[in-house]
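Number of protein chains: 2
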Amino acid sequence: MNMALTHILAQADAPAASMNIAFWLVPFASILALVFAYLFYKGMKKEEEGTDIMRKIALHVRMGAFAYLKQQYKVVGLVFIIMFAFFAFLAYGLRIQNEWVPFAFITGGFFSGLAGFFGMKTATYASNRAAWAAKNSLDHGLRVAFRSGAVMGLVVVGLALLDISVWFFVLNHFIEDANEAHKMIIITTTMLTFGMGASLQALFARVGGGIFTKAADVGADLVGKVEAGIPEDDPRNPATIADNVGDNVGDVAGMGADLYESYCGSILATAALGATAYMTNTGVQMKAILAPMLIGAIGVILSIVGIYFVRVKKGASSKELLSALGRGVNVSSVLICVASFLILYFLQTPNWLGNWGSIIVGLVTGVFIGKITEYFTSEAYSPTRHIAEQAKTGPATVIIAGMGTGMISTFYPVLAIVVGTALSYIFSAGGDFANISQGLYGIGIAAVGMLSTLGITLATDAYGPIADNAGGNAEMAGLGKEVRRRTDMLDSLGNTTAATGKGFAIGSAALTGLALLASYIEELRIGLIRVADNPKIGEYTKSTLEQFEKLGGVTEASLMDFMNVYGVTLMNPKVLLGMFIGSMMSFLFCGLTMNAVGRAANQMVNEVRRQFRETAGIMEGKVDPDYARCVSISTKAAQREMILPALLAIIAPVVMGLVFGVAGVMGLLGGALASGFVLAIFMANSGGAWDNAKKYIEQGNLGGKGSEAHKAAVIGDTVGDPFKDTSGPSLNILIKLMSMVAIVMAGFTVSYTLF
Amino acid sequence: MNMALTHILAQADAPAASMNIAFWLVPFASILALVFAYLFYKGMKKEEEGTDIMRKIALHVRMGAFAYLKQQYKVVGLVFIIMFAFFAFLAYGLRIQNEWVPFAFITGGFFSGLAGFFGMKTATYASNRAAWAAKNSLDHGLRVAFRSGAVMGLVVVGLALLDISVWFFVLNHFIEDANEAHKMIIITTTMLTFGMGASLQALFARVGGGIFTKAADVGADLVGKVEAGIPEDDPRNPATIADNVGDNVGDVAGMGADLYESYCGSILATAALGATAYMTNTGVQMKAILAPMLIGAIGVILSIVGIYFVRVKKGASSKELLSALGRGVNVSSVLICVASFLILYFLQTPNWLGNWGSIIVGLVTGVFIGKITEYFTSEAYSPTRHIAEQAKTGPATVIIAGMGTGMISTFYPVLAIVVGTALSYIFSAGGDFANISQGLYGIGIAAVGMLSTLGITLATDAYGPIADNAGGNAEMAGLGKEVRRRTDMLDSLGNTTAATGKGFAIGSAALTGLALLASYIEELRIGLIRVADNPKIGEYTKSTLEQFEKLGGVTEASLMDFMNVYGVTLMNPKVLLGMFIGSMMSFLFCGLTMNAVGRAANQMVNEVRRQFRETAGIMEGKVDPDYARCVSISTKAAQREMILPALLAIIAPVVMGLVFGVAGVMGLLGGALASGFVLAIFMANSGGAWDNAKKYIEQGNLGGKGSEAHKAAVIGDTVGDPFKDTSGPSLNILIKLMSMVAIVMAGFTVSYTLF
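Residue numbers (our numbering), protein chains in the order written: chain B, 2 to 756; chain W, 2 to 756.
Don't take every hint at face value.
Since the list gives no way to pick one copy over another, a pair counts as held whenever it fits inside one copy or between any two copies.
The calculated lysine-lysine pairs, modelled on DSS-like cross-linking and capped at a C-alpha distance of 27 Å, are [as the list claims (entries may be wrong)]:
hint, residue 1, residue 2
1, K226, K706
2, K136, K482
3, K696, K320
4, K226, K57
5, K712, K393
6, K57, K47
By construction, these hints were calculated from the structure, which means they are not laboratory data.
Because the structure is a prediction, the values reported are computed rather than measured.
Given these sequences and hints, build the entire structure.
Given below as structure tokens:
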């Protein structure tokens, strides 16, 4: 294999103008991922569907989920069409933007939505099949649920690499520039803009899905569990179908779009940074651009290998289940360490060993954050047990403890990211802090390393809600305790892997956010070149261009030159005030999404109470409750409430650019990144810990189910629901979306800044 | 009067070497404030003390409060002695710090503690007297409570101006420097370091007091109100004395130290910025240094005038009461607008009209933030009513709504601060964003303007807990419903004025934080001069000095030169990672203090439950509960728990300086400021809104007292307690303390940075 690899990669030394042959590994891996996804999907479809009632329930959930997605895509489609028209106007009317941007934007959104759609489709077909398989054996249940999760993982990485390689090929073919190095800068920054489409789609999916699922969950729990005292997933609860639909649209489709965005963002930002960091040598430049794509590609192949390592013997314990999942991820991770070494060695990227160090740092940081997340949110460790203890004195002390512990838990992940970033920077910078461009490239490639095993980590992540839904299906269909016990076992594993997944999502968001901040400057370069000969540009831009003229022209200016010309220092009030606004944006965004969940949950509670009150026979199980009405409440609420937060994310960087210029935008992005990152960890960890504190009590500790402590813990869990599944994960996207908007609108900002 | 003023201020044109005669207005105002404080104190002491039982209760509370303060000052004293020794070592041993620093540090802490002590002493003598006066008439009650609050307001500003003027006089006399402009820079930056003493003392007071009061409050409420169903301040509740003690040590002593710190910080930072912004002309420089002190001085005099406007007729309604308080503040505010115009006009500070504009902007911003705070936290408006509505569906939805609304509420104050800062900057910069030094001076002077009426705003603020304690005293002494109604009326006004006070505290913290960030650079200048001829300095510092050499020397370098040499741009990873750590510090600090309250409250709940269970006759009112034990639990918890958060605030900037140098420290301070500021608003507003949502229900809405909605609202209020009275207000101090530490340790940082 090494021989073949050497042969392919050696071509990297060919003149950059001809497409490098190593590039073809990217579409190859993409197609491979999609083929395997299709095979796993077909395999899952062949499994038995279970009893009639199981089919019926699954159908209910599937129909609800698709009805939601249809409605969601209608609204989002409208937003995308408006944005497309706006970008087209900027590109063709005002000529301040690359003409490929509107199309890149649309495809990013489309593929992101597609990834969510396929993932969800698979999940909704898999739930009853996994439940029925679990009736056979735990092993069988695991295989069905995990392979279905793998469909999602592979679809996400497959579509992402497909989108990336098609655009790279197309732009490389069509974009003309006498200067090869500049051409590559234009290509990579244009490709970055399709990241914006992916981010916007992801934000809608996460926020909308998050509101849907948590409104249903909170509503179902508060009236069902707390007031009526019926168990989770009881078919008598009118909100129970909505709750299961929510798992699919929030945890599956939402997460798919989210990680599609992260994955694309990290690869594209790194490629863009590589294009400018090494623009003095086109051969090296091409290698720096290809490296993140190739690492992604090889990661996909090794993820498929890892997936085949996930299997358990019959009668496996929950520990064995966990180690089976862990084995798959570990195999992929170890292989990627070796493979990326070989790739970089044969590709001979500049400072290839340093770059490899950055990749390893990224991988290790991701794993570490995952472990820390597990420590702070699993009931096996003292922080969550401490929170559970506080339930003995009532809901207020549970909430205070959960919030306090969540806030404290931000210490380690932030420290990990700081150390990881510093190391990946310094490795790729060759030990010299002053090599800013190379160092930033290292941060980007660390993010790529962290996400390189996404194919399998996402599989372990998406597997969770599928197992959860299987449990719901088994419960509603009355499959009996043993099946439920098995699906619970599968589900609880899902919680652990979800914690790890969140670690990767948050960690990669921070690294990618940093890389995007740097890419913003590169996009400014292109924006300035574009407007330079436009006679209508304002005074601000004219004087900016004059300053660059003195430095030898825009294209020759370094990152530091850009910083100086735009005064992006911490003493510039525009930067500081931008930071205030950025920090506030994170909180405002969380507040809006929290309140949205609150309002929707309130409607749900009232509806469930109304049905219990008005429809006789529900509680006796004689009459079916009106499930559809609950689904419809969640759907409408999600559509209504997701617009404003998303609009804010788009508008804030644009307005800031108009008012305070580049300095203000950089401050905004930096402030949002620094505070949003920490806020996201806090919310995810508090929410996770409350959830597991409740489970700890339900396991029979501190009085067990039905005790006062349990009631208090359920309230904590309910508060935590929007924390961990709506606001927290959406923040990761918000950070990146704002950067993406700033990048896409860079031409606009440099043309129309007021002050 | 204008004639006399002209005469005095004209002297400002005399050579700066001789002390400017206008300076003497500062000690004069300081003495005046202390004299009036003494008179109000004596007047209050002459009031009747009420019945024997009232005396006894007041004595209990007073003894508890002093016992706490004694213990607190012991611990804090020890920390101060250690820090003193450390600073003395830096100054006399390593010679990398000004030799006045250890002493300035100590006096700052001492005076801050003294302000808290006097305020608390007054408050604990005033409670039973105010209750007894309220028995006479509402007017009488208001007068006693408000004048006692005024003691605190005047003591704080009086001691602050005394400390400032004595040090300015002493340093001016003793510090020798051939270059008059440099001498002034040394003096003002040295004075800044006594701000660190004040900040550290304030942090201990706020955190310790906050933990004490909320542990007692939460404990008293959860067992007393919720479980046993007895009213607030019922003498059968063992935690009730501790609760009343808490109001004094947290809300009075804590707030006194807090605002002492804010007040000093704003004046000292502005003076330091003035010294460097105008160092090319010593005459102008002296004026720029004196201006903030003089505005403070005139503000004190006008606050005393305003205090005499607070009075109501007999039989006044609660609306009339509020307008009486408002009248006092408004009179002072309007007068300060006029007076500061005259001062700046006659002083002829550089760009005096612009500076005046900055002061007005500061005042208006403070008032605006206060109004917004009131809107988001008063039960008269929809946000709080919406939260109360959510109580109908239980505690979880109340908490979600309170958090969501609190997060959303950050939008307006942040926008106000951004607009206010931008305007005050641009006014003082003479319309040109590039005049950074002058603009930053404008931000400082806006903070001084915002706090200029502190004498009276703090009086209206400190009045609240006094009225609250008077109500407690009346309740425990069984003075009857009418008296309780009156004290409740007085108390509820206190809540409104407290909201305004919080607006000023938060707003001034943001502005002062920005000014301190700028002052840090000035302190670096001094630090570099000091270490320049030290042969032992490391490579980092040597190369830094060389770079300044090329720019014409450290003293001639501009703020922007410093930014460039230290690479404090948003693309420097040291800055970005510093921002991550700074943002995390805010959350970590909140988490530690939240958990401290949770742990202490838990102990308190168990103790109260134990007493109810083990001591027969408490509930029948036959046996006195063991109040002292509850006081002791809160005291011990507060002492134990306050150390770690305070240490973190001291250690973080030092370690960051060692590892990532100036760039890292600036990132740390910027990140902490941007996220801490927003976090503080969120916590204060969520807490305030929960408190008033509960009161709204207690007024008979949504089912009134005892309903399920009420129980849910009490839980919300309990969660909000540490938000609004422990973590939130402490954050304002944390932001400034970290800046102060960075400033004091600047010499250390430039000497020993590793990378």
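Tested hints:
For the identical chains of this complex, K226 and K706 are neighbours both inside a copy (10 Å) and across copies (26 Å), given an alpha-carbon limit of 27 Å. For the homomeric pair K136 and K482, the shortest alpha-carbon distance inside one copy (10 Å) is at most 27 Å, but the shortest distance between copies (68 Å) is not. Within a single copy, K696 and K320 get their C-alpha atoms as close as 18 Å, which meets the 27 Å cut-off; across copies the closest is 51 Å, which misses it. In the homo-oligomer, the alpha carbons of K226 and K57 lie at most 27 Å apart inside one protomer (24 Å), although the nearest pairing across protomers, at 50 Å, exceeds that limit.
Both within a single protomer and between protomers do K712 and K393 lie at most 27 Å apart by alpha-carbon distance, with minima of 10 Å and 17 Å respectively. For the homomeric pair K57 and K47, the shortest alpha-carbon distance inside one copy (18 Å) is at most 27 Å, but the shortest distance between copies (82 Å) is not.
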